[in-house]
Every structure is written in structure tokens, then in C-alpha cells.
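Protein chains in written order, with the working numbering: chain A, 25 to 553; chain B, 4 to 321.
Among the hints, a few may not be true.
Pairs of lysine-lysine, BS3-like flavour, derived with a Cα cap of 25 Å [stated by the list, open to error]:
no.: 1; chain 1: B; residue 1: Lys107; chain 2: A; residue 2: Lys256
no.: 2; chain 1: B; residue 1: Lys175; chain 2: A; residue 2: Lys120
no.: 3; chain 1: A; residue 1: Lys322; chain 2: A; residue 2: Lys507
no.: 4; chain 1: A; residue 1: Lys172; chain 2: A; residue 2: Lys317
no.: 5; chain 1: A; residue 1: Lys406; chain 2: A; residue 2: Lys422
no.: 6; chain 1: A; residue 1: Lys529; chain 2: A; residue 2: Lys507
no.: 7; chain 1: A; residue 1: Lys422; chain 2: A; residue 2: Lys374
no.: 8; chain 1: B; residue 1: Lys222; chain 2: B; residue 2: Lys107
no.: 9; chain 1: B; residue 1: Lys175; chain 2: A; residue 2: Lys549
From chain A, some residues computed to sit far from chain B (all C-beta separations above 12 Å) [what the hints assert, rightly or not]:
no.: 10; residue: Arg42
no.: 11; residue: His104
no.: 12; residue: Arg221
no.: 13; residue: Arg272
no.: 14; residue: Glu277
It should be emphasised that the hints constitute simulated quantities derived from the structure, not laboratory data.
Cβ coordinates follow ideal geometry from the N, Cα and C atoms, glycine included.
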Amino acid sequence: MGCFYLVACQGENSSSLRQQSLIYCSEGSPATFNPQQATTSISFDASAKVIFDTLVEFNPKTHEILPALATDWSISKDKHRYVFNLRKNVSFSQNKLFTPTRYFNAEDVIFSILRQLNPSHPYHQVGTGHYQFFYANGMHNIIVDVKKINSNTIEFILSEPYAGFLGLLAMDFSSIQSAEYAQVLSTGTNDKENFDRLPIGTGPFILEHYETDTFIRYYANENYWRKVPEIKTLVFAISTRPSLRLARLLTEECDVMAQPLPSQSQIIAEHPELTLDRQPGLNVAYWAFNTLKPPFNKLKVRQALSYAISREDIIHTVYNDAAVIARGPLPPNMQGSIKPTPIITQQFEKSRQLLEEADWNPDHVVEVWAMPVQRPYNPDAKKMAELIQRNLSQVGIKSRTITFKWEVFLDKVRKGQHETVLLGWRADSTEPDDFLTPLLSCDGQRNGTNRAFWCDTQFDKLIIQARSDTTENRIKLYQQAQKRFKQQLPWLPIAHAEQFIAYRKSIQNLTLSSTGGLNFYQITKARPE
Amino acid sequence: MGFMLKQIVRLILMLWGITVLAFVFFEVAQTTLPSEDQTGFTHFENYQIFMSSMLEGDFGTLHQGGEPVLTEFFHKLPASTELIFTAIIIAWLVGLPLALLAVKKPMGITDRTIQLIGTTIYSLPVFWWGIILLIMFATGLEWFPVGGRLDYIYAIETVTGSALIDTLLSSKVYAQEAFWDAVYRMVLPVTTLAMLPTAYVTLQIRAGMEEILQHDYMKSAKARGMSIRRILWLHGLPNAVQPVLNSMSMQFSMLVTSTIIVEFIFSWPGIGHWFLILIQRQDYDALRGALILIASMILLLNTTTDVLRYWSNPRLRR
Numbered sequence: 025m026g027c028f029y030l031v032a033c034q035g036e037n038s039s040s041l042r043q044q045s046l047i048y049c050s051e052g053s054p055a056t057f058n059p060q061q062a063t064t065s066i067s068f069d070a071s072a073k074v075i076f077d078t079l080v081e082f083n084p085k086t087h088e089i090l091p092a093l094a095t096d097w098s099i100s101k102d103k104h105r106y107v108f109n110l111r112k113n114v115s116f117s118q119n120k121l122f123t124p125t126r127y128f129n130a131e132d133v134i135f136s137i138l139r140q141l142n143p144s145h146p147y148h149q150v151g152t153g154h155y156q157f158f159y160a161n162g163m164h165n166i167i168v169d170v171k172k173i174n175s176n177t178i179e180f181i182l183s184e185p186y187a188g189f190l191g192l193l194a195m196d197f198s199s200i201q202s203a204e205y206a207q208v209l210s211t212g213t214n215d216k217e218n219f220d221r222l223p224i225g226t227g228p229f230i231l232e233h234y235e236t237d238t239f240i241r242y243y244a245n246e247n248y249w250r251k252v253p254e255i256k257t258l259v260f261a262i263s264t265r266p267s268l269r270l271a272r273l274l275t276e277e278c279d280v281m282a283q284p285l286p287s288q289s290q291i292i293a294e295h296p297e298l299t300l301d302r303q304p305g306l307n308v309a310y311w312a313f314n315t316l317k318p319p320f321n322k323l324k325v326r327q328a329l330s331y332a333i334s335r336e337d338i339i340h341t342v343y344n345d346a347a348v349i350a351r352g353p354l355p356p357n358m359q360g361s362i363k364p365t366p367i368i369t370q371q372f373e374k375s376r377q378l379l380e381e382a383d384w385n386p387d388h389v390v391e392v393w394a395m396p397v398q399r400p401y402n403p404d405a406k407k408m409a410e411l412i413q414r415n416l417s418q419v420g421i422k423s424r425t426i427t428f429k430w431e432v433f434l435d436k437v438r439k440g441q442h443e444t445v446l447l448g449w450r451a452d453s454t455e456p457d458d459f460l461t462p463l464l465s466c467d468g469q470r471n472g473t474n475r476a477f478w479c480d481t482q483f484d485k486l487i488i489q490a491r492s493d494t495t496e497n498r499i500k501l502y503q504q505a506q507k508r509f510k511q512q513l514p515w516l517p518i519a520h521a522e523q524f525i526a527y528r529k530s531i532q533n534l535t536l537s538s539t540g541g542l543n544f545y546q547i548t549k550a551r552p553e
Numbered sequence: 004m005g006f007m008l009k010q011i012v013r014l015i016l017m018l019w020g021i022t023v024l025a026f027v028f029f030e031v032a033q034t035t036l037p038s039e040d041q042t043g044f045t046h047f048e049n050y051q052i053f054m055s056s057m058l059e060g061d062f063g064t065l066h067q068g069g070e071p072v073l074t075e076f077f078h079k080l081p082a083s084t085e086l087i088f089t090a091i092i093i094a095w096l097v098g099l100p101l102a103l104l105a106v107k108k109p110m111g112i113t114d115r116t117i118q119l120i121g122t123t124i125y126s127l128p129v130f131w132w133g134i135i136l137l138i139m140f141a142t143g144l145e146w147f148p149v150g151g152r153l154d155y156i157y158a159i160e161t162v163t164g165s166a167l168i169d170t171l172l173s174s175k176v177y178a179q180e181a182f183w184d185a186v187y188r189m190v191l192p193v194t195t196l197a198m199l200p201t202a203y204v205t206l207q208i209r210a211g212m213e214e215i216l217q218h219d220y221m222k223s224a225k226a227r228g229m230s231i232r233r234i235l236w237l238h239g240l241p242n243a244v245q246p247v248l249n250s251m252s253m254q255f256s257m258l259v260t261s262t263i264i265v266e267f268i269f270s271w272p273g274i275g276h277w278f279l280i281l282i283q284r285q286d287y288d289a290l291r292g293a294l295i296l297i298a299s300m301i302l303l304l305n306t307t308t309d310v311l312r313y314w315s316n317p318r319l320r321r
């Protein structure tokens with residue numbers, strides 16, 4: 025296909041060009057190319073693993089920590105000090121504003137951490153000035169200092185032993201940026217804002233051009249410190265409508281399609297030239313009750329609402345059965361997750377009885393806030409809200425759905441203006457703390473990532489203990505924490521969604537890690553017959 | 004001179020009117036729709052701020068990305084103009100001969116067929132035609148791509164913003180292929196966009212010619228033995244084309260509206276596509292700026308065509 029009768033374009037150029045290009049139909053426009061400031065998977069996908077590297081990284085299958093920009097490391101006996109030896113001869117890419125004069129070194133690590141940590145850092149306010157993941161994961165409390173020992177050795181000093189620290193350094197927000205580039209942009213007539221708009225990293229690809237809301241083009245980094253990617257041109261063809269993404273995949277305009285809808289899975293699976301990958305995702309969709317707002321501060325109200333809901337119906341209707349019922353906040357394939365019994369099921373009688381005991385005001389209209397966008401953990405929050413409303417009306421609770429545009433929605437929820445909200449979380453690692461601290465801790469309550477605004481001293485104590493515990497006991501502590509969650513029910517966990525990706529059969533070595541996100545640099549393309 | 008002055012005053016008044024309308028619409032939208040924090044200014048103060056920043060060339064910034072709306076507008080404009088101008092050229096290249104063909108034998112079989120097809124096209128909405136062409140030729144037969152302006156594998160530097168011109172100017176080895184790819188990708192969107200104006204040109208000119216042929220001077224020319232082709236080309240056409248040309252400015256604003264729809268259907272990264280994305284994101288500040296820019300562009304074009312018509316037509320000038 026491609027060239028109809030208009031021209032003879034079977035010329036060698038276009039076919040070899042196509043052979044070396046990978047077109048990825050992505051689901052939206054990135055808000056930034058800086059993974060430190062990214063808040064959505066769309067922005068992470070377009071920046072982190074494509075343009076940048078981290079000190080250490082996860083094995084996509086086993087989740088063990090592997091060296092990356094750091095070749096090896098040692099941890100002091102008291103677990104307060106981490107010393108990393110940095111990889112030598114790794115170069116940053118260049119663009120029209122910047123040509124590096126030196127290799128990657130300790131200065132770059134210090135810059136990347138301090139930019140996020142230190143509010144008076146000259147680059148802290150550049151871009152949005154918000155480092156959501158850095159703070160949500162408590163990095164500002166964990167890291168006391170980061171010191172250069174020599175240009176290829178760096179030391180982190182921690183406030184407390186923290187078992188998941190290496191995992192945090194493997195996350196996208198810990199991507200390493202160039203201190204030299206930052207310095208160049210601070211001088212003369214240069215604009216610091218270009219630092220994140222025209223990013224420079226050590227990663228497998230180099231950003232060539234971003235045509236707003238249309239496409240992003242990257243070239244392979246021919247000086248990449250690992251094997252240079254076989255794909256020479258990587259394009260993110262931004263196609264917000266799922267139907268357009270599928271049409272482009274079917275007509276060979278795209279090689280890989282992001283986020284197929286559950287309803288499209290059959291078409292893709294039955295197509296001879298397409299592959300559909302599905303795997304359980306490390307995510308959770310939940311219905312959070314704002315525990316600071318009466319009547320949701322009452323446990324019985326939260327329980328009554330939960331017992332009214334049929335999660336089976338939700339899984340069937342909203343996820344097209346491509347999800348499992350969530351029994352707790354942690355996905356089943358994550359270490360430390362438990363299957364609490366008895367599982368909450370729809371029981372109208374019990375729900376009504378609890379309402380009565382809680383002195384429910386029948387005139388109260390419950391606000392169900394539903395996010396306006398499709399997310400990996402929830403393909404359709406509005407439809408989910410409709411089902412919930414129907415269930416609530418069956419036990420005599422009045423309710424209404426509320427939604428705003430995405431940024432406003434998140435902002436208002438962060439400020440705690442909602443009564444109940446349908447949201448979710450996608451993991452960056454298999455570390456339970458990555459779920460429990462931002463979503464349910466008192467720290468999370470303060471910075472608004474804890475959407476239930478639930479601050480329970482008993483729960484908090486358990487997860488703080490688990491965080492610094494490096495023994496087997498840790499898992500037990502997490503299990504106790506989840507039991508406490510189950511008792512208090514700050515949210516009703518709804519589902520763990522499966523992850524889908526669709527691609528043409530010619531694409532090889534495409535890996536979808538369970539933390540979400542694709543690795544593009546290993547992809548190869550089979551030659552057509 | 005009086006005419007020019009009047010035109011300029013009218014233009015300024017209308018531009019001002021647009022700013023007021025746009026301001027009121029979005030001010031109402033901002034206050035009734037739940038949205039970000041209120042600033043605490045009165046409406047009038049807000050309008051003053053809005054006007055003074057616009058006079059300084061600040062039409063707002065995009066919520067996502069933070070680019071100035073003005074820069075983005077001029078960046079997206081060429082893709083739309085390319086579509087619109089090609090559609091206009093096609094409309095005349097196809098419409099004119101069809102009209103002549105039809106009027107050669109009024110109410111003959113050819114004439115009736117052309118009229119029937121013309122009316123059918125004219126009475127169905129643009130989005131319907133777009134979707135039908137897309138389903139038939141792109142997703143169905145796979146003869147044409149489902150959207151986009153250039154195959155993603157080609158990296159062509161932007162010089163003029165027109166894909167056709169830029170691919171021709173490019174020094175890349177695949178520049179020529181890219182040019183043909185650009186042409187090929189224009190087929191469906193341009194066809195969709197050109198349908199209405201083609202039907203319009205055909206029907207209008209046909210009707211005009213038929214009327215002119217009834218005039219005595221035409222009848223006498225015929226009686227004097229002039230060939231029908233000569234009569235049509237030399238006397239009929241210039242008179243029939245004039246009113247259609249006069250209504251061009253009206254057609255132009257209609258085309259801009261159609262472009263928004265066509266760009267959405269064929270994922271064409273122009274002004275319309277951009278405008279719809281802004282609506283989707285509910286980026287009101289940027290939308291207001293974009294709306295004013297689009298409306299001003301149409302107004303300026305209308306005024307220009309009016310002025311040109313005035314200068315080219317001796318009867319009006321006197």
C-alpha cells in the first residue's frame with residue numbers, strides 16, 4: 025500500500041526509510057519533555073525512556089534492579105549512605121543550542137537531584153516548577169544530601185534506611201539531565217525554558233522535532249552507550265481518537281498502537297497481520313471517599329456505599345472483562361499484596377442497614393467525581409460513575425456525576441474539593457510503597473495525592489516501618505497495613521486493569537513492562553517478504 | 004477615497020465587535036462553567052486588560068506547552084490555506100467546464116445529469132461527504148491514507164509551511180517522493196472540501212449563462228451566424244462569472260467552516276484541527292485568541308476582495 029497510481033514510489037529510498045522507521049500511534053500530546061515534571065503516562069512515554077537514562081533501572085520482567093548510568097554501587101552498613109560508580113564515556117546528545125564538551129559525570133547527577141529537591145535551585149522554577157512524583161514518593165524527606173566524591177563517583181546520604189531507594193532511582197522522574205546544557209542556557213540571551221522544550225539526554229533517541237498535537241520525531245542516538253537502536257527514526261503519531269489509531273494501524277500507517285480499547289481487542293486479535301499483547305497491569309482503579317468531608321468521615325457510610333456497588337458489572341461493562349476485581353489497594357502480582365476475605369460484594373440489605381445505623385440523610389446528594397479522560401487503569405470513568413449511580417439509587421441514595429477538564433479536575437481533587445472520586449494509579453515499580461505512600465499515607469494527604477485525605481496513624485506507622493525494614497518482616501508489615509485499610513475502607517478498590525498494546529507482526533522485541541510504558545530502543549522490524 | 008475610508012472604518016468597527024463578542028462569550032463561559040479561580044476583577048476591567056494585551060500582540064498563551072497563541076496560529080495557518088486554495092482552484096477548474104457543457108444544450112440529458120448531481124452534492128453536509136470518502140477510499144479500499152499531511156517517515160524542513168512547496172524546496176534525497184506523497188494525501192480532503200464550491204460554481208454559472216442566452220443581444224449574435232462556442236466564451240462567460248466572483252468572499256467564510264470539519268475528519272494539522280483540540284482541552288484563553296484571529300482573517304479577506312472588486316469595476320468606482 026502507500027503508493028497508489030499517482031507515482032512510482034517503490035524507489036529504494038522510501039522502502040528502506042520505512043524499514044528503519046517506527047511509527048507509534050500515541051494517545052495524546054505530552055505536556056512536557058521533562059520526566060521530572062511529567063504527571064501523565066503520555067508525557068513519561070514521550071520523554072523518559074526515549075530521551076533519558078536513569079542511574080539504575082528495572083529488569084522489565086523480573087523487576088530486579090540493574091545498572092544503567094551507574095555501573096555498580098555500595099550501601100553503608102547503617103544503610104544511610106549509597107555510593108554509586110558512574111559509567112564513563114557516556115555522552116549527552118547535541119542540538120542547535122548545545123554541543124557537549126565533556127562526558128556525563130557526577131555534576132549531572134547532582135544537578136538532576138538538586139533541581140527537584142532544592143526550591144531555590146536556579147532551575148527549580150523552570151517549566152511548571154512542580155515535581156509531583158519526586159515529592160509524592162517522599163524523596164525530599166529521604167535524601168539529605170548528594171555529594172560528588174570524584175567526577176565518576178557520587179554519594180547519596182539518606183535521612184533513614186529506605187529499602188526502596190534504588191527502586192526510586194530507577195523511576196522515570198529520576199532521569200539524568202545535563203548540567204552543562206543547563207549552564208549554557210543560563211548564559212547570554214539563551215532561554216532557560218528551552219531546557220525542557222528541547223531536551224538533551226543520554227538516552228537511545230534524540231528529539232528532532234515536535235509538531236504540536238501532530239507528531240514527535242526522534243532520531244537514533246548514534247553514540248548511545250548501549251547498542252545503537254536499529255530503528256533510526258522513531259515517530260509518535262499523535263492520534264487521540266482510538267478509532268483513528270486503529271484505522272492507522274490497519275492501513276499500515278502505524279506500526280504500534282497505544283491503548284486499544286477493550287472493545288477493539290477482538291478485531292485486533294482476529295486480524296492476521298496484527299498482534300495483541302495483553303498482560304495484567306500494575307495499576308488500580310478506585311472510588312475514594314473524602315474522609316475529611318462529612319458524612320464520609322463515618323466508616324459506616326463508606327461501608328454502606330461500598331456494599332451497594334456491583335464491581336462485577338463494572339468489570340464487565342466498563343472493562344469488557346479485561347480486568348480483575350481489586351481486593352485491596354495493591355495489584356495481585358505485586359509483592360506484599362493480600363487477598364482479604366471476605367471480599368466486599370453487592371449486598372443491598374447490608375448496605376441499607378448500615379445507612380440506617382449511620383443516620384444517613386436521604387436528601388444528601390452524593391457527588392461522584394469522574395475524570396474526563398481514558399487512562400490505562402480506567403477506560404471510561406463516566407460510564408463507571410453511571411453504574412455506581414444506578415447502584416446507589418437502588419439503596420435509596422441520591423447522587424450526581426461531576427466532571428471538569430482534566431487539569432482542573434486534578435487540581436480540585438488535589439485540593440480536596442470532592443466528596444467521592446473515581447481515579448486510579450499506575451505503578452512505576454513493583455515496590456508496594458510506591459502505591460501506599462502517595463495514595464494512602466499522611467504525607468500523601470498533605471500534598472494531595474491521597475485522594476481520600478485519609479490519615480490513619482496506625483496505617484502510617486506500619487508503612488513507615490516497612491519502608492525502612494529490609495528483612496522478610498517487611499512483607500508482613502505491608503499485609504497488616506492492607507488489613508487496616510480494609511477495616512477503614514477509605515476507598516473502594518474497584519479493578520486492576522489489563523494492559524493492551526497492538527502492533528503489526530513485523531515488529532519484534534517490543535516489550536510492555538508491567539509498570540506500563542514501552543521500550544523502544546530494542547525494537548527491530550522484520551524485512552517484508 | 005470616500006469608499007476606502009468607509010471600508011476601513013467598517014473593518015475597524017467589525018473587528019472591535021468581534022473582540023466584544025468573543026470577550027462576552029468566554030467571560031460568560033468562564034463564570035457559568037466550573038473553572039479555575041476567579042481573579043476578582045470586574046468584567047470591564049477584564050475587558051480592558053484583554054484589549055490592551057491584544058493590541059500589544061498578545062492573544063494569550065496555550066495552557067499546554069505555553070506557546071503564544073499568535074505564533075501557533077501562524078504556524079498552523081499554511082496547512083489550512085493550502086487546502087482552501089487548492090479546493091478553490093479545483094472548484095473553478097471543474098465547475099467552469101461543467102457549466103459550459105451543461106448550458107450547451109439546456110435541459111438536455113447532460114445538463115439534467117449535471118444539475119442533478121450538483122444539487123445532490125449541494126444539499127448534503129460536508130462532514131457526511133468526508134466520512135463517506137474516508138470509509139470508502141481509505142479504510143475500505145485502502146487506496147488513500149486515513150489522514151495526515153505527509154508520511155511520518157519523511158522529515159522535511161519547514162520553510163513556507165506549505166507541504167507542497169516545502170517538499171519541492173527540500174534537498175533531501177526523498178524530496179520528490181515526499182512531494183508526491185503530499186499530493187496524494189491531499190486528494191481526499193481537497194475533494195471533500197471542493198465538492199460544495201464546485202457544485203456552487205457549476206450551478207451558478209450555468210444559471211447565469213442560461214439567463215444571458217435569453218438576452219436579445221445574444222439572440223442577435225446567434226442570428227448573425229456566430230458559433231455557439233464563440234458566443235458562450237466571448238459574451239456569455241464574462242457576464243456569468245461576474246456575480247459568482249462577487250460572491251467569492253461569502254464562499255470563503257463558508258469554506259473556512261468546512262475546513263474545520265474536513266481537518267478533523269482527515270487529521271489535517273491546520274487551524275481547524277487545532278481549534279477543535281483547544282475546544283477538547285477547554286483551553287478558553289487560547290480559544291478566545293484563536294477565535295478572534297480566525298474571524299479577523301476572514302474579515303480582512305472579505306474587505307480585500309471588496310476593495311479589489313471596487314477597483315476592477317469601473318461602474319462601481321464612479
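Here is what the structure says about each hint:
1. Lys107(B) <-> Lys256(A): violated, 59 Å
2. Lys175(B) <-> Lys120(A): Distance of about 19 Å is within 25 Å: holds.
3. Lys322(A) <-> Lys507(A): holds, 18 Å
4. Lys172(A) <-> Lys317(A): violated, 47 Å
5. Lys406(A) <-> Lys422(A): holds, 17 Å
6. Lys529(A) <-> Lys507(A): Given pair Lys529(A), Lys507(A) is violated - Cα atoms ~45 Å apart, limit 25 Å.
7. Lys422(A) <-> Lys374(A): holds, 18 Å
8. Lys222(B) <-> Lys107(B): Distance ~14 Å between Lys222(B) and Lys107(B) Cα, so the pair holds.
9. Lys175(B) <-> Lys549(A): Within the cut-off at roughly 24 Å; holds.
10. Arg42: violated, 5 Å
11. His104: Holds, because the least Cβ-Cβ distance between His104(A) and chain B comes to about 40 Å, which exceeds 12 Å.
12. Arg221: For Arg221(A), whose nearest Cβ neighbour in chain B is about 8 Å away, the distance does not exceed 12 Å, so it is violated.
13. Arg272: Given a closest Cβ separation of 6 Å, the condition is violated.
14. Glu277: violated, 6 Å
Against the hints set out earlier in the document, violations occur for numbers 1, 4, 6, 10, 12, 13 and 14.
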